[in-house]
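Per my numbering, residue 1 is the first one in the sequence shown, and the count goes up by one each step.
Read the hints as simulated data drawn from the structure, not as lab findings. This structure is a prediction, so every number in the text was calculated from the model and none was measured. Cβ atoms here follow ideal geometry from the backbone N, Cα and C, with glycine treated the same way. Please note that a few of the clues may not be correct.
Subject to a maximum C-alpha distance of 16 Å in a straight line, what follows is the list of computed EDC-like cross-link-like pairs (lysine to aspartate or glutamate) [unchecked claim]: (1) Lys-21 / Asp-34; (2) Lys-48 / Glu-103; (3) Lys-74 / Glu-64; (4) Lys-21 / Asp-32.
Ranges between beta-carbon positions, derived for each pair [stated by the list, open to error]: (5) Arg-120 / Leu-31: 39 to 45 Å; (6) Pro-61 / Lys-30: 19 to 25 Å; (7) Gly-121 / Asn-80: 42 to 48 Å; (8) Asp-76 / Lys-119: 42 to 48 Å; (9) Gly-58 / Gly-121: 26 to 32 Å; (10) Ser-54 / Gly-121: 23 to 29 Å; (11) Lys-119 / His-84: 39 to 45 Å; (12) Gly-67 / Thr-8: 16 to 22 Å; (13) Trp-9 / Arg-70: 18 to 24 Å; (14) Asp-28 / Gly-58: 19 to 25 Å; (15) Arg-118 / Ala-63: 35 to 41 Å.
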Amino acid sequence: MKSRGLTTWFAVDTLVHVSPKVLFFAEDLKLDVDTAVGKLTRLWAWAKLAQNESGVIGALPDAEIAGIMRWRKKPDVLVNALIHSGLLETTDDGGLCIHGWYEANGKSAEKARRDRERKRGTSRDTETETRTNTKTETETFF
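Start from the sequences and build out the full structure, keeping to the hints where you can.
Dropping the structure here:
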């Protein structure tokens, strides 16, 4: 399915409901597994709609993650459970990354982006070259 030119589906492992990470997450928050999968699906859908290819969500505030997942209790409890279960990983710069996102969904998102760019006749390299060639003498790039 596509909405405004974006692919709106994403891959979910058919065994997500028995994944040790998901079971641990559900147990940590005292949720039934179906509720836990539903909340995770909200996070994954948000990442897909944001055209996130890498799974890196950076320093997104806990309250924002809780809002995305419709978690009504303390946001830090949710984020700690996501990290503790391995569903979110900490990046080298202290940000967060959705575990396995690139492998499951990022490759297809990257391919879709490249296909869109090819059809438009543009690419990031072309855009960078255009911006570089049109810079003024006063601009400095670090």
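Hints versus structure:
1. Lys-21 / Asp-34: holds (14 Å)
2. Lys-48 / Glu-103: holds (13 Å)
3. Lys-74 / Glu-64: holds (12 Å)
4. Lys-21 / Asp-32: OK: Lys-21 and Asp-32 at ~14 Å, within 16 Å.
5. Arg-120 / Leu-31: 39 to 45 Å: holds (43 Å)
6. Pro-61 / Lys-30: 19 to 25 Å: holds (24 Å)
7. Gly-121 / Asn-80: 42 to 48 Å: About 46 Å separates the Cβ atoms of Gly-121 and Asn-80, which means 42 to 48 Å holds.
8. Asp-76 / Lys-119: 42 to 48 Å: Cβ of Asp-76 to Cβ of Lys-119: about 43 Å, so the range 42 to 48 Å holds.
9. Gly-58 / Gly-121: 26 to 32 Å: Holds: the Cβ-Cβ distance is about 31 Å, inside 26 to 32 Å.
10. Ser-54 / Gly-121: 23 to 29 Å: Since Ser-54 and Gly-121 have Cβ atoms about 25 Å apart, the given range 23 to 29 Å holds.
11. Lys-119 / His-84: 39 to 45 Å: Once the Cβ atoms are compared, 43 Å apart, the range 39 to 45 Å for His-84 and Lys-119 holds.
12. Gly-67 / Thr-8: 16 to 22 Å: holds (20 Å)
13. Trp-9 / Arg-70: 18 to 24 Å: Holds: the Cβ-Cβ distance is about 21 Å, inside 18 to 24 Å.
14. Asp-28 / Gly-58: 19 to 25 Å: At roughly 23 Å between Cβ atoms, Gly-58 and Asp-28 fall inside 19 to 25 Å, so the hint holds.
15. Arg-118 / Ala-63: 35 to 41 Å: Hint holds: Cβ distance 39 Å, inside 35 to 41 Å.
No hint from the list above goes unmet by this structure.
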